[in-house]
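Peer 1: Residue numbers (the numbering used here), protein chains in the order written: chain U, 2 to 169; chain F, 2 to 169.
Simulated from the structure, these hints should not be mistaken for laboratory data.
Each statement offered as a hint is correct.
It does not matter which identical chain is meant; a pair holds if it fits inside one copy or across any two.
Capping the alpha-carbon separation at 27 Å, the derived lysine-lysine pairs in BS3-like fashion look like this: (1) Lys162 to Lys3; (2) Lys65 to Lys3; (3) Lys162 to Lys34; (4) Lys162 to Lys65.
As the structure is a prediction and not an experimental result, all values here were calculated from the model.
2 protein chains.
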Amino acid sequence: MKFSRDGRYLASVSEDGTVMLWDAKRLHELWSKNAPLLRQQGRLLLPKTALRGLPRVAFSPDSKRLASGDGFDGIVVVDVETGNAVLPKLKGHGGIVLSVAFSSDGRFLASSGTDHTVRLWDARTGKNIHIFVGHSGIVNALAFSPDNRTLASGSLDRTIKLWRLDRE
Amino acid sequence: MKFSRDGRYLASVSEDGTVMLWDAKRLHELWSKNAPLLRQQGRLLLPKTALRGLPRVAFSPDSKRLASGDGFDGIVVVDVETGNAVLPKLKGHGGIVLSVAFSSDGRFLASSGTDHTVRLWDARTGKNIHIFVGHSGIVNALAFSPDNRTLASGSLDRTIKLWRLDRE
Chain U
2 MKFSRDGRYL ASVSEDGTVM LWDAKRLHEL WSKNAPLLRQ QGRLLLPKTA LRGLPRVAFS
62 PDSKRLASGD GFDGIVVVDV ETGNAVLPKL KGHGGIVLSV AFSSDGRFLA SSGTDHTVRL
122 WDARTGKNIH IFVGHSGIVN ALAFSPDNRT LASGSLDRTI KLWRLDRE
Chain F
2 MKFSRDGRYL ASVSEDGTVM LWDAKRLHEL WSKNAPLLRQ QGRLLLPKTA LRGLPRVAFS
62 PDSKRLASGD GFDGIVVVDV ETGNAVLPKL KGHGGIVLSV AFSSDGRFLA SSGTDHTVRL
122 WDARTGKNIH IFVGHSGIVN ALAFSPDNRT LASGSLDRTI KLWRLDRE
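For reference, chain U alone in the conformation it holds in the complex:
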């Protein structure tokens, strides 16, 4: 559950994978979107409890876009007002995307998930820039350092890795 930086919006993900977006001032729901996160063709992809509390949405720093994991291998970036996609679906992960994060300068989007990888994307074009390989478990936490030169990833392999972005 997160506020946009301008305080106008509040986004959350419920246990069943539904992304909800509220107008935080007028206290009404703007839109909601059922992400087929938990089930694929009737098959449970991940224990429900493993998803609980995970921050699977991220506002862009300008508070205009929201990124979230969507389905089995993708990330959607939508307009916060309408919920409509503003980029083609970001594809490549070989599994469920559990965490997304924008860099504070708005240039990059990072993602991670059940395929043990961390991926860096151009936030404006959706182009994949790099795939960070090294974790041996689900990667369920991501954070850019305040200067955006480092990306930290936390995994169920019980390690945290720091990835230098200087040369990207």
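Fit chain F to the supplied structure of chain U, relying on the hints for placement.
Peer 2: Just chain F, lined up with the frame of chain U:
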């Protein structure tokens, strides 16, 4: 897993409740603290999976203190460099504290957990200011609005509540 605002520190909580604090520049661990979060006198308090991925630590905006749930009913606020408590343990929750958040002006600390309540504390003195009652389930997510006038709480009761802080 979070960076401090000044980028010097990285904090995380592992699955067993251990809080770890790293120097994010020099890449070494400063300290770790085993919080007796999961077990009390040998008894499992909460399913392990229910805790996974929850942001149970928060840096103060000045990057000098770290707050985390500690044990069955408390919150500890420590010096990030040393891991030593800078306030007496904040007590009152009738259950495990699952989420903590500082207001961006550093004045307030909010907490929530398995007792279904949201609590507001004076971040400098540790004094309890208010108890917000209304959720009918575990409260596992908290966020201050950017202007610190609203506190949002997300619960396993499938609701999000907005608490006005104007009169505090």
